[in-house]
Amino acid sequence: MRRLAAFLLWLALAAGLGGAAHAADPRLVPDVSSRAIEIQYSFTGEELLLFGAILYPGQRLPDDRADIVVVLKGPVRPIVLREKRRVAGMWVNANSIRLRTSPGFYAIGSSRPIEQLVDERTAAIFELGLSNLSMSPTGFSESRKLERFENGLIDLYTRQGLFYQNPRAVEITEGVLYRARIPLPARVPVGTYRAETYLISKGRVLAVASRDVQIRKAGFERFVALAAQRHGFLYGLSAVLLSLVLGYGASALFRRR
Amino acid sequence: MDLYLPVANLSVNALVIVLLGGGVGLLSGMFGVGGGFLTTPLLIFYGIPPTVAVASAATQVTGASVSGVMAYLDRDAVDLRMGSVLVAGGLLGSLIGAGLFELLAALGQIDTAISILYVGLLGTVGALMGREAWGTLRSMQAGLPPPARKRRHHPMVANLPMRWRFYRSGLYISPLAPLLLGMAVGILTMLLGVGGGFILVPAMLYLLGMGTQVVVGTSLFQILFVTIATTMVHAMTTGAVDIVLAGLLLLGSVTGAQVGARFAQKARPEYLRLALAVIVLLVAVQMAVGLFIRPDEIYTVQ
Chain A
1 MRRLAAFLLW LALAAGLGGA AHAADPRLVP DVSSRAIEIQ YSFTGEELLL
51 FGAILYPGQR LPDDRADIVV VLKGPVRPIV LREKRRVAGM WVNANSIRLR
101 TSPGFYAIGS SRPIEQLVDE RTAAIFELGL SNLSMSPTGF SESRKLERFE
151 NGLIDLYTRQ GLFYQNPRAV EITEGVLYRA RIPLPARVPV GTYRAETYLI
201 SKGRVLAVAS RDVQIRKAGF ERFVALAAQR HGFLYGLSAV LLSLVLGYGA
251 SALFRRR
Chain B
1 MDLYLPVANL SVNALVIVLL GGGVGLLSGM FGVGGGFLTT PLLIFYGIPP
51 TVAVASAATQ VTGASVSGVM AYLDRDAVDL RMGSVLVAGG LLGSLIGAGL
101 FELLAALGQI DTAISILYVG LLGTVGALMG REAWGTLRSM QAGLPPPARK
151 RRHHPMVANL PMRWRFYRSG LYISPLAPLL LGMAVGILTM LLGVGGGFIL
201 VPAMLYLLGM GTQVVVGTSL FQILFVTIAT TMVHAMTTGA VDIVLAGLLL
251 LGSVTGAQVG ARFAQKARPE YLRLALAVIV LLVAVQMAVG LFIRPDEIYT
301 VQ
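Residue numbers (our numbering), protein chains in the order written: chain A, 1 to 257; chain B, 1 to 302.
Mixed in with the good hints, there may be bad ones.
To be verified - In silico EDC-like links for lysine to aspartate or glutamate, alpha-carbon gap of 20 Å or less:
no.: 1; chain 1: A; residue 1: Lys-202; chain 2: A; residue 2: Glu-127
no.: 2; chain 1: A; residue 1: Lys-145; chain 2: B; residue 2: Glu-297
no.: 3; chain 1: A; residue 1: Lys-217; chain 2: B; residue 2: Asp-2
Think of the hints as simulated: they come from the structure by calculation, not from any bench.
Generate coordinates for the entire structure from the input sequences, incorporating the hints supplied.
Rendered as structure tokens:
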């Protein structure tokens, strides 16, 4: 039953795309420098290269130069965002909102500033730009408060390197090859990332293509993180044993001297 | 040398953490305290998330106290009966602390609660300790004998029902008193990642009126078992114990503690106590300043 539904959905999508895609529209062939990034003992961040080619029908370059926007988006998760206020002289968490779909990582690079490429509506539809992320706030809150919180989150994550916006990140060579470097900080969350590429010309999105990137902990780090999550008792026991052995070992060692 | 912490989800300079552990260990060896009250704030200043800092500091205190307990057991300077009652209270306290921790975290007030508790506790204990050490030093300089203290338990303790004999401590008091004391300290261990020696020792001396020769050994006994329990509770509830972080801290602190213990044998105890009081007060002031000045981050994600 599920398979049938998926098939029908695929048919509908194929038909829709076939109808929408103009015969003369160009295609994108995207790739990333690594499909899987492993976080291991000395991980201090990495740089991901998003690159690819623009295929024009008939291999003829159009007269207007087209622009490229690349987006790398991490897994979304629900978060509680808290705001500190001064209460009786102390800075304490006073206000909070819930966001159901906040990406743990979002980077956008383009060959020109987004505002010069598309109008606000198109940018909002494709979620292009930090201010256009839809994070699904729950509960009722006035739009001014919401905006203040979202700006706070963007500011916080930008300084931590988890949000990144660079209007000059994409380099286009000879009108057909593009490349962009996206920096990943050490505290990048794990999960399945989506690297999307948009081809834009005259305010219109001509083509979209995407690739998945896995970011995961590997080796010892993966083992420890999994153990801490799934086997709390055994994990705690090994932490206790480690401290007992080290504590006792050191005193035995020093006493012998 | 950068090292990735798998539970804290960030990279730290391993050398800095080992040295930090070493510094804390040096002090703990010199003063006979676990040093959790220094580790947790220092880790938070370094940028480790408060929950991970608290949980991993408790693990470090276990390592710091084990050799002390062995040494005091060898010398028969532990009141095992008193210690067991304290540990029972401490286990109860760590469970209550776990509930409080979860509640405060859900309200978003755990960081503020940690800071306020630190300021209040360290401020009070530091001031009391400093005043006492200062007074002793003054009278020593004047050539007077140090003021004698009457050993006696607090009247509130005498009013509790049920009485047990604690031979090693030379006490005939209700077990409820050490049970409640152990519980209070257990809650603090869970919330703050401290062993609680800096509260236990004065409370055992001045509230329970225990004999001085077993106070330190018995308090270490309680700290050892209660920090083991809180490590387990943290591992099973918050999942915030970072074994790599704890290991780095331990490497530094167990060696530092041995060096500190040698140094302490040469120094005068009055000066040591005054120095400890100053350090405790400095941490309290630093925490208080952190509460009242505008923080770097107004927004936090949970």
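Quick rundown of the hints versus the structure:
1. The straight-line distance between the Cα atoms of Lys-202(A) and Glu-127(A) is roughly 18 Å, inside the 20 Å bound, and the hint therefore holds.
2. Among the hinted pairs, Lys-145(A) with Glu-297(B) is consistent with the structure: their alpha-carbon atoms are about 18 Å apart, no more than 20 Å.
3. Distance check on the hinted pair: Lys-217(A) and Asp-2(B) sit about 16 Å apart at the alpha-carbon level, within 20 Å; holds.
Going through the hint list in order, the structure satisfies each hint without exception.
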